[in-house]
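Asker: Here's the letter readout for the chains.
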Amino acid sequence: NAGVTQTPKFQVLKTGQSMTLQCAQDMNHNSMYWYRQDPGMGLRLIYYSASEGTTDKGEVPNGYNVSRLNKREFSLRLESAAPSQTSVYFCASRPDRGRYYGYTFGSGTRLTVV
Amino acid sequence: AQSVTQLDSQVPVFEEAPVELRCNYSSSVSVYLFWYVQYPNQGLQLLLKYLSGSTLVKSINGFEAEFNKSQTSFHLRKPSVHISDTAEYFCAVSDSGGSNYKLTFGKGTLLTVNP
Numbered sequence: 001n002a003g004v005t006q007t008p009k010f011q012v013l014k015t016g017q018s019m020t021l022q023c024a025q026d027m028n029h030n031s032m033y034w035y036r037q038d039p040g041m042g043l044r045l046i047y048y049s050a051s052e053g054t055t056d057k058g059e060v061p062n063g064y065n066v067s068r069l070n071k072r073e074f075s076l077r078l079e080s081a082a083p084s085q086t087s088v089y090f091c092a093s094r095p096d097r098g099r100y101y102g103y104t105f106g107s108g109t110r111l112t113v114v
Numbered sequence: 115a116q117s118v119t120q121l122d123s124q125v126p127v128f129e130e131a132p133v134e135l136r137c138n139y140s141s142s143v144s145v146y147l148f149w150y151v152q153y154p155n156q157g158l159q160l161l162l163k164y165l166s167g168s169t170l171v172k173s174i175n176g177f178e179a180e181f182n183k184s185q186t187s188f189h190l191r192k193p194s195v196h197i198s199d200t201a202e203y204f205c206a207v208s209d210s211g212g213s214n215y216k217l218t219f220g221k222g223t224l225l226t227v228n229p
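Heads up: the protein sequence lines correspond to chains Y and V, in order.
All residue numbers for the first sequence refer to my numbering, where the first residue is 1 and numbers rise by one.
All residue numbers for the second sequence refer to my numbering, where the first residue is 115 and numbers rise by one.
Keep in mind that the hints were calculated from the coordinates and are not lab data.
This structure is a prediction, so every number in the text was calculated from the model and none was measured.
Glycine is no exception: its CB is placed at the ideal position from the N, C-alpha and C atoms.
Any given hint could be a false lead.
Some chain V residues judged to face chain Y by a derived CB distance under 7 Å, without partners named [unchecked claim]:
#, residue
1, GLY157
2, LYS163
3, ARG191
4, PHE219
5, GLY220
6, LYS221
7, GLY222
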């Protein structure tokens, strides 16, 4: 089925460990996003990529890096995980500029840092 | 920069009762407005959107929202809710021009429908 695929779905890390969250979309969307969701905080933008080859910081980029590997894939890396990065991470993509501006979201990665 | 305020963090209602989830936004430019729904342990799904034209927009499952520019609001309503409407609802805003492709979300409203 067409959509946004995130892996893994669940992960437990120890403080200081590193990991990469993977995201891929098969809808030929140019723009991709990483959000984190915390209780009572809504969704906050970590990084985004308006097109292949470009990335920009969002609201809460500290402690994260991203790679737009190609048009389909946009990965999020935690170099040295901290308990404050315990969260649910969502990847999203959107079509090019046009009348329809809605995002398509993945099902999320639930990350716990102990 | 835009911001979104969802005035209620939790809204409990009984089945078949009407409900309104409130959303106000702040922006210095013209905006697009969205409501997303998140069912437990799932990602977000687009419920409805306002881009231009008629200020009243409707979803296929009976929700509607009205864009009120003077009050900078985009409240979500349903005349009769079902148990299956239990979910968290997020209001979001994006500017309507330029190169800003980012959505800004509110903190969410948890709608709980009780039998």
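Asker: A separate judgement is required for each hint: does it hold in the structure or not?
Answerer: Hint by hint, here is what the structure shows:
The interface hint given for V:GLY157 holds, since its Cβ lies 4 Å from the closest Cβ of chain Y, which is under the 7 Å cut-off. Given the 7 Å rule on beta carbons, the hint for V:LYS163 holds: about 6 Å separates it from the nearest Cβ of chain Y. A cut of 7 Å between beta carbons decides the hint on V:ARG191: the least distance to chain Y is about 20 Å, and the hint is violated. Hint status for V:PHE219 relative to chain Y: holds, with the closest Cβ pair at about 4 Å, below 7 Å.
Taking 7 Å as the C-beta cut-off, the interface hint given for V:GLY220 holds, the closest approach to chain Y being about 6 Å. A distance limit of 7 Å between C-beta atoms decides the matter here; for V:LYS221 the minimum to chain Y is near 4 Å, and the interface restraint holds. The criterion of a C-beta within 7 Å of any C-beta in chain Y is met by V:GLY222, whose closest approach is roughly 5 Å, and the hint holds.
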